[in-house]
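So the sequences go chain by chain: D and U.
For the first sequence, the numbering used here assigns the number 5 to the initial residue and increments by one for each residue that follows.
For the second sequence, the numbering used here assigns the number 5 to the initial residue and increments by one for each residue that follows.
I should point out that these hints are in silico values taken from the structure, not numbers from a laboratory.
Fair warning: there could be bad hints in the mix.
For chains that are exact copies, the list does not tell them apart, and a pair is met inside one copy or across any two.
[Unchecked claim] Below are the SDA-like pairs computed for lysine to any residue, each with C-alpha atoms no more than 20 angstroms apart in a straight line: (1) LYS125 with PRO104; (2) LYS143 with ALA60; (3) LYS100 with LEU124; (4) LYS154 with PRO19; (5) LYS100 with VAL132; (6) LYS154 with TYR59; (7) LYS121 with ILE167; (8) LYS121 with GLY96; (9) LYS100 with LYS143.
The lines below spell out each chain.
Number of protein chains: 2
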Amino acid sequence: MSETPTQNSMLSNIPYGSIAIGHTVSVEKTVSQREIILFAALSGDLNPIHLDRHYAASTDFGQPIAHGMLCGAFISATIATHLPGPGSIYRGQTIKFTQPVFACDTLTITLTVINKKDRLKLVTLACVVSNQDNNVVAKGEASVIASEEKVDIAASELPTITIN
Amino acid sequence: MSETPTQNSMLSNIPYGSIAIGHTVSVEKTVSQREIILFAALSGDLNPIHLDRHYAASTDFGQPIAHGMLCGAFISATIATHLPGPGSIYRGQTIKFTQPVFACDTLTITLTVINKKDRLKLVTLACVVSNQDNNVVAKGEASVIASEEKVDIAASELPTITIN
Numbered sequence: 005m006s007e008t009p010t011q012n013s014m015l016s017n018i019p020y021g022s023i024a025i026g027h028t029v030s031v032e033k034t035v036s037q038r039e040i041i042l043f044a045a046l047s048g049d050l051n052p053i054h055l056d057r058h059y060a061a062s063t064d065f066g067q068p069i070a071h072g073m074l075c076g077a078f079i080s081a082t083i084a085t086h087l088p089g090p091g092s093i094y095r096g097q098t099i100k101f102t103q104p105v106f107a108c109d110t111l112t113i114t115l116t117v118i119n120k121k122d123r124l125k126l127v128t129l130a131c132v133v134s135n136q137d138n139n140v141v142a143k144g145e146a147s148v149i150a151s152e153e154k155v156d157i158a159a160s161e162l163p164t165i166t167i168n
Numbered sequence: 005m006s007e008t009p010t011q012n013s014m015l016s017n018i019p020y021g022s023i024a025i026g027h028t029v030s031v032e033k034t035v036s037q038r039e040i041i042l043f044a045a046l047s048g049d050l051n052p053i054h055l056d057r058h059y060a061a062s063t064d065f066g067q068p069i070a071h072g073m074l075c076g077a078f079i080s081a082t083i084a085t086h087l088p089g090p091g092s093i094y095r096g097q098t099i100k101f102t103q104p105v106f107a108c109d110t111l112t113i114t115l116t117v118i119n120k121k122d123r124l125k126l127v128t129l130a131c132v133v134s135n136q137d138n139n140v141v142a143k144g145e146a147s148v149i150a151s152e153e154k155v156d157i158a159a160s161e162l163p164t165i166t167i168n
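Could you put together the complete structure from these sequences and hints?
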């Protein structure tokens, strides 16, 4: 498995003053063995329930499951790139893991603004991650300080990552 | 950058009945550009504040910072491999990001059992991530269902991951 560097695309934020309660964004992510291997590599969680098809087949799940916190990574990326986007300062997250995530699941990460605190420019986001069957696999709330300025910035290019 | 597959080592849990309030574990993780690139690749967060040394030098941070949720990944791995360890079911996490994490920081992830609910075999863990200067960079609480059985299982081997 190899991923070519992504095109240099622009990241744009929604400045604090333009964020309204009820504002929502949804982003789709397909989970593959690649994301599970990368999460295992960076976190150090090498449990065979995530990585070994034969072992996972012997468990109640019947197949490998993704690390739950992969949903946390997807939520954090959606905050950083979409709502509020670049220039945000991530202050905190709550997350409940409600259903297993399997390789090949297509997840939809939906963020909705549910509160604003003007003094701190603090935005509270309801975060819901659901799968292709509309089952909620994770949900919680994020606290983010949004930039007051408009930020338009080129996304960095990644080096090529090869998994043998 | 390339990482050879890890040796097949054993993962062992602490069964629910053997977990006492006050039980604590600490694990050290050194953050490098490798973890930041892998987190960017799997999450899709390509903000230059994490990846572009020149851009980051122009910000208040002065250098690239790790994605905050990398601390969440480290906490989740410590739960899955140490306390309670394999066989756990991760139910939820709260996390506050209190200080930036930089490449080359050495983080200590400390989990401490602060509550048990026998009916559900549910364990609440206080989670603290601190850096080499003893500054807390992230903290929160985890909810985990611990296995009642002793689980001793071989960690999976990872394929080789090469970053060009």
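Hint by hint, here is what the structure shows:
1. LYS125 with PRO104: Between. Shortest inter-copy distance 19 angstroms satisfies the 20 angstroms Cα cut-off; intra-copy 34 angstroms does not.
2. LYS143 with ALA60: For LYS143 and ALA60, the Cα distance exceeds 20 angstroms both inside one copy (25 angstroms) and across copies (31 angstroms).
3. LYS100 with LEU124: between (26 angstroms within a copy, 16 angstroms between copies)
4. LYS154 with PRO19: within (6 angstroms within a copy, 51 angstroms between copies)
5. LYS100 with VAL132: both (10 angstroms within a copy, 19 angstroms between copies)
6. LYS154 with TYR59: between (49 angstroms within a copy, 17 angstroms between copies)
7. LYS121 with ILE167: neither (44 angstroms within a copy, 41 angstroms between copies)
8. LYS121 with GLY96: For LYS121 and GLY96, the Cα distance is within 20 angstroms only inside one copy (15 angstroms; across copies 26 angstroms).
9. LYS100 with LYS143: Classified as both; 5 angstroms inside a copy, 16 angstroms across copies.
Of the numbered hints given earlier, the model fails hints 2, 7; all others are met.
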